[in-house]
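A.B. asks: Residue numbers (the numbering used here), protein chains in the order written: chain A, 1 to 227; chain B, 228 to 454; chain C, 455 to 681; chain D, 682 to 908.
Keep in mind that the hints are not guaranteed to be accurate.
[What the hints assert, rightly or not] Below, computed lysine to aspartate or glutamate pairings styled on DMTMM-like, alpha-carbon distance capped at 25 angstroms:
(1) K111(A) - E713(D)
(2) K111(A) - D447(B)
(3) K29(A) - E249(B)
(4) K338(B) - E18(A)
(5) K483(C) - D654(C)
(6) K792(D) - E98(A)
(7) K792(D) - E472(C)
[Unchecked claim] Estimated spans, in silico, between C-beta atoms of each pair:
(8) R100(A) - G571(C): 45 to 55 angstroms
(9) K891(D) - E22(A): 55 to 65 angstroms
(10) E853(D) - D152(A): 39 to 49 angstroms
Quick caveat, the hints were computed from the structure, so don't treat them as lab data. Each residue gets a CB set at the ideal place from its N, CA and C atoms; glycine is no exception.
4 protein chains.
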Amino acid sequence: MGVAMEPVIIVNLKTYSEASGEGALSIAKAAESVAKETGRRIIVAPPISDLALVCSSVSIPVFSQHVDNVKIGSTTGFVPPEGAKAAGASGTLINHSEHRLVMADIEQLVKRCESLGLTTVLCSNNIAVSRALAAINPAFVAIEPPELIGGDISVTDANPEIVSVAVAVIREISPEIGILTGAGVKNGRDVAMALELGTDGVLLASGVAKAKDPRAVLLDLASGIPG
Amino acid sequence: MGVAMEPVIIVNLKTYSEASGEGALSIAKAAESVAKETGRRIIVAPPISDLALVCSSVSIPVFSQHVDNVKIGSTTGFVPPEGAKAAGASGTLINHSEHRLVMADIEQLVKRCESLGLTTVLCSNNIAVSRALAAINPAFVAIEPPELIGGDISVTDANPEIVSVAVAVIREISPEIGILTGAGVKNGRDVAMALELGTDGVLLASGVAKAKDPRAVLLDLASGIPG
Amino acid sequence: MGVAMEPVIIVNLKTYSEASGEGALSIAKAAESVAKETGRRIIVAPPISDLALVCSSVSIPVFSQHVDNVKIGSTTGFVPPEGAKAAGASGTLINHSEHRLVMADIEQLVKRCESLGLTTVLCSNNIAVSRALAAINPAFVAIEPPELIGGDISVTDANPEIVSVAVAVIREISPEIGILTGAGVKNGRDVAMALELGTDGVLLASGVAKAKDPRAVLLDLASGIPG
Amino acid sequence: MGVAMEPVIIVNLKTYSEASGEGALSIAKAAESVAKETGRRIIVAPPISDLALVCSSVSIPVFSQHVDNVKIGSTTGFVPPEGAKAAGASGTLINHSEHRLVMADIEQLVKRCESLGLTTVLCSNNIAVSRALAAINPAFVAIEPPELIGGDISVTDANPEIVSVAVAVIREISPEIGILTGAGVKNGRDVAMALELGTDGVLLASGVAKAKDPRAVLLDLASGIPG
């Protein structure tokens, strides 16, 4: 784990209909209540069209799902880092597997976000790419071991070496970087395992966004953080 | 002008820093107040990260600056039409010159928006493209005569035939479509000229978004609508 | 059918391994031999990396599979119309369903190609898009009725109205434009049906590109053209 | 310099009209003749539409300007690594500043090319990105110090530390990787300086592609390699 880094749970609401508009607000408020109740660090990334509304409605940190490396001003329908900041975000996902960016833009976005005080989470699809992304010094790299993506296999059941090898490779490049387990996380046991394997937290989506009772799932996830 | 269509003023706030976050809210409220005071139809398109917040704060129609032809659910950092709708939008710009889309996506987005009750404004860069976009039957086509874009030339001073020829060509394809003058509009005189030339309103950006006193500019624009 | 237009068979070799490098040359030569033998108009579109070599090796027209709306000069790894022309192409597909372009670029590419003497074939995925693309006056529109794409259903067996309605809609916009049946063509009977339905020819791919004996398939296709 | 690596001069012909079609062939033959005469390692990257023709016409190595991370088969107007190989290429530029790729595709393309025996040259815009790209182990990284791009400043005149710092950073990640000076190279003196600064060769474009006498320029460049 990163030096003295507090474990974090980041919930990406994607564009699920249950988690858009009113749904985004409702899940963000559930996350806020669980964060207060448990004292754990929980962050929500709502649909970008709901970003400012969610930011203005909860006291926990809210992240943008994406930022675009466009200049502010004469650009339409994009979210430059300054726009995410103005909306109230305190950080952002970058290069999510569903919204890939070219390498030169990733690097510039990390710099732009840093100068604005926005926390950066670079998403990566495998160990080689994680190593490359760590080389440009974001706050976090979220690793999505291909064996764990989009399925029922949880990080607890899979071969735990997948994650621990990734951690070793990334830390060799950038010793103090935050690392997130970005796939295979469903419940508190998975969160505990993610931390045991040396990552600093988790990034998950459908497990919360599509849950019948998001608050209950969030409570269970938070229970996986020891201490 | 389209049959019995009420003239409209659409304000695109783009990603101007003055018109993001608090600025977006403030301009949207000015537009609401001018719309109430003058009885004119004014629509605001805020930065997409501010969309839901602006929608929840004003009673005039709010448009998205853009929508993406992605499915709802497992897509991150995009705005599907359903997401714009959930945020409270009542319409959207599509294919803005700063956010071009492939033809197949434009056509599908018009259909998706229509089925959701979202008003569509397709942006076009010249007469040939306006003719093509009119052929897929959006609610509006916004034409940006290249002679008028991004400069100090107003539609009032330029050769008015630029706009009237475009109108004739578009109406030949689709007689009742709404047409907007999408460039060269700075003040009430330009709005009046845009309507005289046969368009149903205007789409403008920096003239309001970067104005020292957006309310005063909006009042002047509204004064260009006769009757 | 277009006024006095000679029926045409266009073969898109895509990037099939059997139809790349030596394979592209071999199929192009088979097409040349069938064109000579039957007197029919056959055009080949090889992988773009084989374009100049195929152009320099056969006497029938060769088309590019794609062109990019980039300027000539400081652009790397693209094919501007001028590059396709310099390679020896006499025309090009534009906006193939596997290589979509934004509307503004499609319109500019048609103009650039026209001024270079390159024949343009705009590919379209449905009737509404066909209508829109016809509005910018390319030499040909290739229609791919969704019911016929990528399957075993041939245009002969499917509801023939799919094609004839598309033809009527396109010709209403642009009376003398060439129209190609772009899906559901496997053999000479399909070619004959495509012409009967009012199109001016066919655009096909795997039926030739992956054939054990491309020359035999081409002979059969050519036999579908009457007279 | 990389362990026992022979210095290399790579000439990117981009899409310059002088270097397309017949022009591409003529410059490639000049490069071949200079390579034979001087014994130096010279590689040409012609417009992709001329790739197979140039490959079939000269005996020096020919590189593709770009490859696309698409599957072979049902893809139109792209160059998968297998297509570049079938055309006769022995390597390829990847992620040129004029043709950026998303990170996940860069990583997969390096693997695909490697398995086909294609030499990979990853282009990078600054030191941070060079470090990241080196982390995925291509054959070469070409660095383009922003201070040297597209101007009259040659690497000889500029602050030489720009290049030597980049070399140190890259070699820390990947000790035996080839490194190319990708900007600021006009003549033999610049080539000599590029080698002195610890790179293994140069990547240049307009200096040769737009030269009145490409052969003379190539002879001068080759003279910069000592020994």
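A.B. asks: Please verify whether K29(A) and E249(B) have alpha carbons no more than 25 angstroms apart.
C.D. replies: holds (22 angstroms)
A.B. asks: Could one say that the CB atoms of E853(D) and D152(A) fall in the range 39 to 49 angstroms?
C.D. replies: For D152(A) against E853(D), whose Cβ atoms are near 41 angstroms apart, the range 39 to 49 angstroms holds.
A.B. asks: Is K792(D) close enough to E98(A), meaning Cα to Cα at most 25 angstroms?
C.D. replies: Distance of about 22 angstroms is within 25 angstroms: holds.
A.B. asks: Quickly compare the C-alpha distance for K792(D) and E472(C) to 25 angstroms and report which way the hint goes.
C.D. replies: Roughly 22 angstroms between the alpha carbons, so the hint for K792(D) and E472(C) holds.
A.B. asks: Taking 25 angstroms as the top limit, are the C-alpha atoms of K338(B) and E18(A) close enough?
C.D. replies: Cα-Cα ~22 angstroms, so holds.
A.B. asks: Using the beta carbons of R100(A) and G571(C), state whether their distance is inside 45 to 55 angstroms or not.
C.D. replies: Between R100(A) and G571(C), where Cβ atoms are some 38 angstroms apart, the hint is violated.
A.B. asks: Would the hint linking K111(A) and E713(D) be met if the CA-CA limit is 25 angstroms?
C.D. replies: violated (44 angstroms)
A.B. asks: Regarding the pair K111(A) and D447(B), is the alpha-carbon distance no greater than 25 angstroms?
C.D. replies: Since the Cα atoms of K111(A) and D447(B) sit roughly 41 angstroms apart, the hinted pair is violated (cutoff 25 angstroms).
A.B. asks: Given the hinted pair K483(C) and D654(C), is their alpha-carbon gap at most 25 angstroms?
C.D. replies: It holds: about 24 angstroms lies between the C-alpha atoms, which stays within 25 angstroms.
A.B. asks: Confirm or reject the claim that K891(D) and E22(A) have a C-beta distance inside 55 to 65 angstroms.
C.D. replies: Holds - the Cβ-Cβ distance for K891(D) and E22(A), about 60 angstroms, lies within 55 to 65 angstroms.
Consistency with the previously given hints fails for numbers 1, 2 and 8, ordered from lowest to highest.
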